[in-house]
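K.L.:
Anchor point for the sequence shown: position 79 equals 79 in the UniProt record's numbering, and the numbering is continuous, going up by one each time.
Rather than coming from a laboratory, the hints here were simulated on the basis of the structure. Please note that a few of the clues may not be correct.
As a list, the in silico EDC-like pairs of lysine to aspartate or glutamate whose alpha-carbon atoms are at most 16 Å apart [to be verified]:
hint: 1; residue 1: K150; residue 2: E57
hint: 2; residue 1: K151; residue 2: E86
hint: 3; residue 1: K150; residue 2: E82
hint: 4; residue 1: K147; residue 2: E57
hint: 5; residue 1: K27; residue 2: E122
hint: 6; residue 1: K156; residue 2: E82
hint: 7; residue 1: K156; residue 2: E86
hint: 8; residue 1: K147; residue 2: E86
hint: 9; residue 1: K28; residue 2: E86
hint: 10; residue 1: K27; residue 2: E63
hint: 11; residue 1: K151; residue 2: E82
hint: 12; residue 1: K28; residue 2: E82
hint: 13; residue 1: K24; residue 2: E86
So the derived label-pair ranges between C-beta atoms look like this [to be verified]:
hint: 14; residue 1: H117; residue 2: K150; range: 45 to 51 Å
hint: 15; residue 1: K151; residue 2: I118; range: 26 to 32 Å
hint: 16; residue 1: I105; residue 2: W58; range: 43 to 49 Å
hint: 17; residue 1: L62; residue 2: V20; range: 30 to 36 Å
hint: 18; residue 1: E63; residue 2: A25; range: 29 to 35 Å
hint: 19; residue 1: F2; residue 2: L140; range: 21 to 27 Å
hint: 20; residue 1: I105; residue 2: K77; range: 36 to 42 Å
hint: 21; residue 1: P29; residue 2: F2; range: 39 to 45 Å
hint: 22; residue 1: R22; residue 2: E57; range: 16 to 22 Å
Heads up, the beta-carbon is just placed ideally off N, CA and C, and yes, glycines get one too.
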Amino acid sequence: MFWIIASTILFAVMASFWIVVRLKAAKKPASVKKIILPPIMMATGSWMFIIPAFRIEWIQALEAFLIGMICSVFLIKTSKFEVKNEAIYLVPSQAFPVILISLLIIRLIVKLIVGSHISVGETTGIFFILAFGMIVTWRLVMLIQYKRLKKLVMQKEASI
Numbered sequence: 001m002f003w004i005i006a007s008t009i010l011f012a013v014m015a016s017f018w019i020v021v022r023l024k025a026a027k028k029p030a031s032v033k034k035i036i037l038p039p040i041m042m043a044t045g046s047w048m049f050i051i052p053a054f055r056i057e058w059i060q061a062l063e064a065f066l067i068g069m070i071c072s073v074f075l076i077k078t079s080k081f082e083v084k085n086e087a088i089y090l091v092p093s094q095a096f097p098v099i100l101i102s103l104l105i106i107r108l109i110v111k112l113i114v115g116s117h118i119s120v121g122e123t124t125g126i127f128f129i130l131a132f133g134m135i136v137t138w139r140l141v142m143l144i145q146y147k148r149l150k151k152l153v154m155q156k157e158a159s160i
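From just these sequences and the hints, can you work out the full model?
P.N.:
Set out below in structure tokens:
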């Protein structure tokens, strides 16, 4: 029970951190680097699978990744870009904090249910892959949207 509480508190702190980071990021122009770095940095967490306690079956990993992709729809729908002074900015969404908090609550409920059947390490591995699937999908869509908008901005500048 301690690990469930501790990991939930840690997730809440991380979610709060990302809310603040996202709001600050909206004040500066977006870039390809800012879009692709979060999944790359998060990928380093996959080193946890070196430890046997965190390892899961391939089917569980695939299921977790697919569920993450489905959950990314909420983040994709709330991530919009706008052009200001020929620079592209990510528009801060009022729904982003609500989505993160909702995901926290859903994660806690699922963790309590699944945690009684699967070890804490395996549960951690599953939720890591779920989050990774969500972030990778979200950021890939953001990258595509950003590149399309950048191309339009460049075409507009060239025609002037």
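K.L.:
It remains to establish, for every hint, whether it holds in the given structure.
P.N.:
Against the structure, the hints:
Taking the CA atoms of K150 and E57, the gap is about 41 Å. The hint is violated against a cut of 16 Å. For the suggested pair K151 and E86, the alpha carbons sit about 11 Å apart, so the restraint of at most 16 Å is met. With a C-alpha separation of about 10 Å, the suggested pair K150 and E82 falls inside the 16 Å cut-off, and the hint holds. Proposed proximity of K147 and E57 is contradicted: the alpha carbons are some 36 Å apart, above 16 Å.
Between K27 and E122 the CA atoms are separated by roughly 38 Å; this puts the pair beyond 16 Å, and the hint is violated. Using a Cα cut-off of 16 Å, the hinted pair K156 and E82 holds, with the two alpha carbons roughly 14 Å apart. Taking the CA atoms of K156 and E86, the gap is about 9 Å. The hint holds against a cut of 16 Å. A distance of roughly 14 Å separates the Cα atoms of K147 and E86; the hinted pair therefore holds under the 16 Å criterion.
With a C-alpha separation of about 13 Å, the suggested pair K28 and E86 falls inside the 16 Å cut-off, and the hint holds. Under the criterion of a C-alpha separation no larger than 16 Å, the hint pairing K27 with E63 is inconsistent with the structure, at around 36 Å. Between the alpha carbons of K151 and E82 the distance comes to roughly 13 Å, so the proposed pair stays at or under 16 Å and holds. A distance of roughly 12 Å separates the Cα atoms of K28 and E82; the hinted pair therefore holds under the 16 Å criterion.
Simply put, K24 and E86 have alpha-carbon atoms about 20 Å apart, too far for the 16 Å limit, and the pair is violated. One distance hint, 45 to 51 Å for the beta-carbon pair H117 and K150, holds here, with the actual separation near 47 Å. At about 45 Å, the beta-carbon gap between K151 and I118 misses the expected band of 26 to 32 Å. Between I105 and W58, the C-beta spacing of about 29 Å breaks the proposed range 43 to 49 Å.
Taking the beta carbon of each, L62 and V20 are about 33 Å apart, inside 30 to 36 Å as hinted. E63 and A25 have their C-beta atoms about 31 Å apart, which keeps the hinted 29 to 35 Å range intact. Range check, F2 to L140: Cβ separation about 36 Å, and the 21 to 27 Å hint is violated. Checked against the hint of 36 to 42 Å, the pair I105 and K77 fails, with Cβ atoms roughly 19 Å apart.
Checked against the hint of 39 to 45 Å, the pair P29 and F2 passes, with Cβ atoms roughly 44 Å apart. Separated by about 34 Å at the C-beta atoms, R22 and E57 break the suggested range of 16 to 22 Å.
Of the numbered hints listed earlier, those contradicted by the structure are 1, 4, 5, 10, 13, 15, 16, 19, 20 and 22.
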